[in-house]
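Undergrad: Work out the full structure: start from the sequences and follow the hints.
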Amino acid sequence: MENDKTILELFDKLQQEELDFLPPDENVRKGFITFLKFMVLAS
Amino acid sequence: MSKEQLYNDRVDQILTTVNHEEPKRVPIVSMYETWAISNANSTVKEIEDNPEKEIDVYCKPHEEIYCDCVYTNGLVFDAKSAEITGSKSHFISEDGQTVQHLEISPMEAKDYPELIKNPMEFIFNEAIPRKCANLSKTPDENYETLKKLLNHWKVKGQVQSRLQNELKDRHGLPVLVGPIAYPPMDIVFDYLRGFKGISLDLRRQQEQLLAGIAALDEFAYDIAGITPGIEKVEPFPFYATMMHVPTFISMKQYEKFFLPTYEKMILKINQLGGKVIMFLEGNWESKYEWLNSLPKNMAIGILEDDDVFNAKKKIGDNITIAGGMSIGLLQRGSKDQCIDHAKKVIDECAPGGGYLFTYSRILSSKGDVNIENLKAVNEFVRDYGVYK
Chain A
121 MENDKTILEL
131 FDKLQQEELD
141 FLPPDENVRK
151 GFITFLKFMV
161 LAS
Chain B
2 MSKEQLYNDR
12 VDQILTTVNH
22 EEPKRVPIVS
32 MYETWAISNA
42 NSTVKEIEDN
52 PEKEIDVYCK
62 PHEEIYCDCV
72 YTNGLVFDAK
82 SAEITGSKSH
92 FISEDGQTVQ
102 HLEISPMEAK
112 DYPELIKNPM
122 EFIFNEAIPR
132 KCANLSKTPD
142 ENYETLKKLL
152 NHWKVKGQVQ
162 SRLQNELKDR
172 HGLPVLVGPI
182 AYPPMDIVFD
192 YLRGFKGISL
202 DLRRQQEQLL
212 AGIAALDEFA
222 YDIAGITPGI
232 EKVEPFPFYA
242 TMMHVPTFIS
252 MKQYEKFFLP
262 TYEKMILKIN
272 QLGGKVIMFL
282 EGNWESKYEW
292 LNSLPKNMAI
302 GILEDDDVFN
312 AKKKIGDNIT
322 IAGGMSIGLL
332 QRGSKDQCID
342 HAKKVIDECA
352 PGGGYLFTYS
362 RILSSKGDVN
372 IENLKAVNEF
382 VRDYGVYK
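Chains as they are written, first to last, in my numbering: chain A, 121 to 163; chain B, 2 to 389.
Keep in mind that the hints were calculated from the coordinates and are not lab data. Just so we're clear, the structure is a prediction, and the values are computed from it rather than from any experiment. Using N, Cα and C, we set each Cβ at its ideal position, and we do this for glycine too. Worth double-checking, as some hints may not be accurate.
Reference listing, derived: stretches of chain A covered by chain B, where coverage requires no fewer than 3 residues with Cβ under 8 Å from a Cβ of chain B [claimed, not checked]:
no.	segment
1	133-140
2	152-159
Taking lysine-lysine pairs in the DSS-like style, the calculated list, with each CA pair at most 27 Å apart, reads [said to hold, decoys possible]:
no.	chain 1	residue 1	chain 2	residue 2
3	B	K89	B	K46
4	B	K155	A	K133
5	B	K89	A	K125
6	B	K148	A	K150
7	A	K133	B	K138
8	A	K125	B	K111
9	B	K149	A	K133
TA: Written out as structure tokens, the structure reads:
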């Protein structure tokens with residue numbers, strides 16, 4: 121992995137590579153990543 | 002009546018009362034947070050190790066105690082997420098049965114220009130690594146942390162979805178809370194500046210604070226799922242706001258700092274057809290004029306320290322009141338005292354609709370309530386709170 125990837129860029133990578141369990145709908149996937157961002161912020 | 006019919010009937014009754022019409026009966030709301038864990042003789046750790054356990058733990062009180070709807074679904078804020086990210090802000094209590102919160106404020110006063118310029122970059126690339134040890138490592142290690150969190154919520158999300166179905170299919174119970182309408186000022190208060198920081202900002206750098214709150218507007222809409230182009234949202238379940246900073250600030254500060262972004266968001270939700278359930282932490286009497294200025298029937302306010310009888314008179318024609326049952330009485334009073342109080346609450350708050358029966362605190366710990374009193378009161382309200 122590129123050594124300079126920021127947390128925000130890692131969220132993008134997560135959205136592209138790790139969401140196969142979700143329907144292909146882009147809004148659903150974006151919504152899940154937003155939820156994860158919120159959980160990181162709230163954790 | 003089948004469980005599905007019962008569920009649909011309960012949703013109808015809730016919406017009827019929220020629209021200030023009289024339903025068949027006063028709906029009774031359960032608010033079991035971590036109390037459900039001690040009630041099931043379980044622990045937070047047991048749920049973490051065996052996620053399916055959450056379903057049994059949160060169904061159990063609904064098998065024992067009558068109610069018509071559930072405030073939130075299962076254990077919303079767990080300690081596992083903080084453990085995964087390496088944050089110390091949430092942790093399991095000594096008795097193992099509640100989740101405690103430690104305020105950590107990763108943003109400094111001098112950081113406002115960065116927050117204002119690019120809130121997402123500042124929060125996730127600057128502030129979060131200061132708070133979350135496991136997100137301040139190499140990109141590979143940080144990515145592993147995010148994957149662990151994703152896998153945790155993948156499983157927990159499935160369990161919570163099953164729990165919601167169990168509540169519906171086995172008990173006919175709807176869950177009131179749907180998407181979260183998080184006030185941008187509370188994002189600053191809860192996760193960035195904390196109590197001390199925001200208190201100083203309210204005096205020393207008001208313009209920066211205002212701009213910082215405004216910069217979080219878009220993120221708040223994303224959290225609520227209000228995306229550009231959305232044309233309609235459902236009136237049920239409700240959008241939920243747990244009000245945090247408002248109880249600590251004056252009406253003048255509330256109007257200047259809290260409302261511009263929050264009010265715009267909830268009016269948008271209302272315009273799209275949605276309704277908002279607000280957990281009104283502390284006492285809200287100084288903000289009744291604002292609650293009365295909202296479009297009629299758009300909001301439900303769960304009262305904590307407000308006098309329910311006064312609230313019914315002052316704001317009960319405009320918003321739905323939820324609350325009224327003293328948690329102190331449920332904890333320490335006799336069964337007869339509890340029922341007498343519940344009767345008075347129903348007599349004064351139920352007429353005309355716009356009322357949901359519940360208690361004045363979310364139940365967290367084992368000693369929060371005498372379960373026999375709670376059973377007796379809910380059964381009494383079920384039978385007595387009938388509209389004729």
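Undergrad: Any of the earlier hints contradicted here, and which numbers?
TA: none
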